[in-house]
Amino acid sequence: MTHLELTHIHKSFGASVAVEDFNLTVKQGEFVSFLGPSGCGKTTTLRMVAGFELPTSGNVTLNGKDLTYVPPNKRNVGMVFQSYALFPNMTVAQNVGYGLKIAGKSKNEIEERVREMLSLIQMDKFYSRYPYQLSGGQQQRVALARALAIQPELLLLDEPLSALDAKIRFELRQEIRRIQQKLGITTIYVTHDQEEALSLSDRIVVMSQGKIEQVGNPFEIYNFPQTRFVAKFVGSLNTVTATVVDPAKGIASFDGINLEIAQGLNGKNKGEEVTIAIRPERFNFLAEQRKENVFDCTIENITFLGSVVRVQMKIGNSIFNMDTFNRPSLKLPNIGGKEQVTCSNKAVLVLAG
Amino acid sequence: MSQMFATRQRKLWREYPLWNWVGLFPFFIFIVFFLVFPSLRLFTGAFTNQEGGLTLDNLKVFENPNVLKAYIMSLQVSAITAFVGGFFGFLVAYSITQGGAPRWMRNVISTFSGLAANFGGVPLAFSFIATIGQTGIITAMLKKACFNLENYGALAQFLASGGVNVSDITNVCPLNPYTYGFSLYSLSGLVLAYTYFQFPLMILTITPALEGLKKEWYEASTNLGATPAKYWRDVALPVLMPSILGASLLLFGNAFGAYATARALTGGSIPLVSIYIGQQIRGDVLGNPNEGYALAFGMVAIMTLTIVAYSLLQRRATRWMKS
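Those sequence lines, one after another, are chains A and B.
The working numbering applies: residue 1 is where the first sequence begins, and numbers increase by one.
The working numbering applies: residue 1 is where the second sequence begins, and numbers increase by one.
Take these hints with a grain of salt, some might be off.
List time: in silico DSS-like cross-link candidates among lysine-lysine, alpha-carbon distance up to 25 Å [as the list claims (entries may be wrong)]:
1. A:LYS74 - B:LYS214
2. A:LYS101 - B:LYS230
3. A:LYS107 - B:LYS230
4. A:LYS101 - B:LYS214
5. B:LYS230 - A:LYS74
6. A:LYS101 - B:LYS215
7. A:LYS338 - A:LYS291
8. B:LYS230 - A:LYS105
9. B:LYS215 - A:LYS74
Below, a sample of chain B positions facing chain A; criterion: calculated Cβ distance under 8 Å [said to hold, decoys possible]:
10. ALA116
11. LYS214
12. GLU216
13. TRP217
14. LYS230
Quick caveat, the hints were computed from the structure, so don't treat them as lab data.
Beta carbons: idealized from backbone N, C-alpha and C, even for Gly.
Construct the entire structure; sequences and hints are all you get.
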């Protein structure tokens, strides 16, 4: 069932277009991330849902009610800010209970709900602390509890983890997902961190220059990027310009090397140039397993990235990266040595846009 | 134990080498000569007689009703100008930080405030005398803006119906402040002159606090259902209050210690403590320097309390702004 609907949203600041023809429907309880680089319009879109910005045109509908011109304090939408935005003059309990106080709830109701929320974020012991006495991660948990305390119809999170260090970010990410699933609350999450979006979301909206590039679940976004931007922005990617050799059989060529493409090259003409892409983890050494495409290569560099080893290699005149799991049995080639690598024809993507 | 002490000493020297402190020496020398020594002289002078013997007799000056009157007048002038200057200064600072005033206006006001806050004494008094004194240029202009009531029949009729003898009123100058009893050389004139340097000082001191108000606090409160009025009541004003009170105390202290402006403007006709002390020390009228020291000692005590309260409030404001 559609819970939130954004229809033909357009937002301009003077001559500058921030969001262009944005259309999206979000189901009840769904976790949707807006993913994109800085300035792509993701936060502006979120702020239009919150009511802090008015769309130049288009509509925001929540539960069938048109919210487009409803002021932010009448929307019943909870929001968590990047900078936490806890009120510095209030204790943790007062911060969490503020929305309920404004709503005119009784002291007992507020007390009960505050305790419940603090228990949910596992911060019962911090009831009387002030924000300046908390770490960044703790402040963000309180901000989340404050947003949830009013029992909003929709939860908005604007890059809530970007001010935190990596370890806390990872922990809090899991915490956010756990709480969201427990409460079943519809959530919009803005981030420029693809790992966050991929690990948290039911669906991801990839944005660039104010437009939606692709909407899909994390698996689709990562494995079947529909545009060159999505392919490049989500995960790392090897791209090379190739020439169509046989459109019917899906064969193209780069640097004089043929490669087979499972999705085919329908609609392309022989001799036409196409951009093809292969994810680094889709390569493996021929000695391990043989797949449709086999390439001779020269090893240029090897980098350890913890659980992954990145091998930089030259195929023809083009540089490619190959990622392989780091394991004790892994036999790494010598730098400058000649090797053979392989990849499936399904691993080769033809990029549009 | 002594080894521990020596290690600690070495660590201190390593962490704070003398070289790093060299830049502070001129400041310290200045403070010693022009704050510490005069304060000591003031303290000893307050408790010695003119022959140099120890005495508490100088403190009897506080039993003098004129002295008490001077203290009350000084406190009144300081409180009024702190309030008036603080109020208008806050409004201006709000306009240039949160009110969306253009950037150029903000720069102009900041520069003006920096100059005006330090413009006091005889030049300030003279500029007020030259503009809104009895024969000042603005007063002269305002005196010219007159009309004859006879030419305004309806108004004359209205006033007559109220019992006013309109035949006595032929030439009305409604913009001339002196017709309403104002005098630059009175308390109201002094308040006006002090406000000239008080409100820019408020702008300078409160602007950083207003800049520290995060836009997200407002958005978070409205997101939780609050109206702008509730945001100001529950968040902005409580956050700003230590800074507002601290800045007001600073304004209070600034006015409390002022001497030259009042002296030049009123010639000593308004009994302020600072003027009373001047009279005691110069000796042209009263001439008991030790009583002057005792009076100044009282002022120092009030100023010390003000500074301590200001520091405590600033600490609280800074602590909140940290989060």
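### Message
Checking each numbered hint in turn, tell me which of them this model violates, lowest number first.
### Response
10
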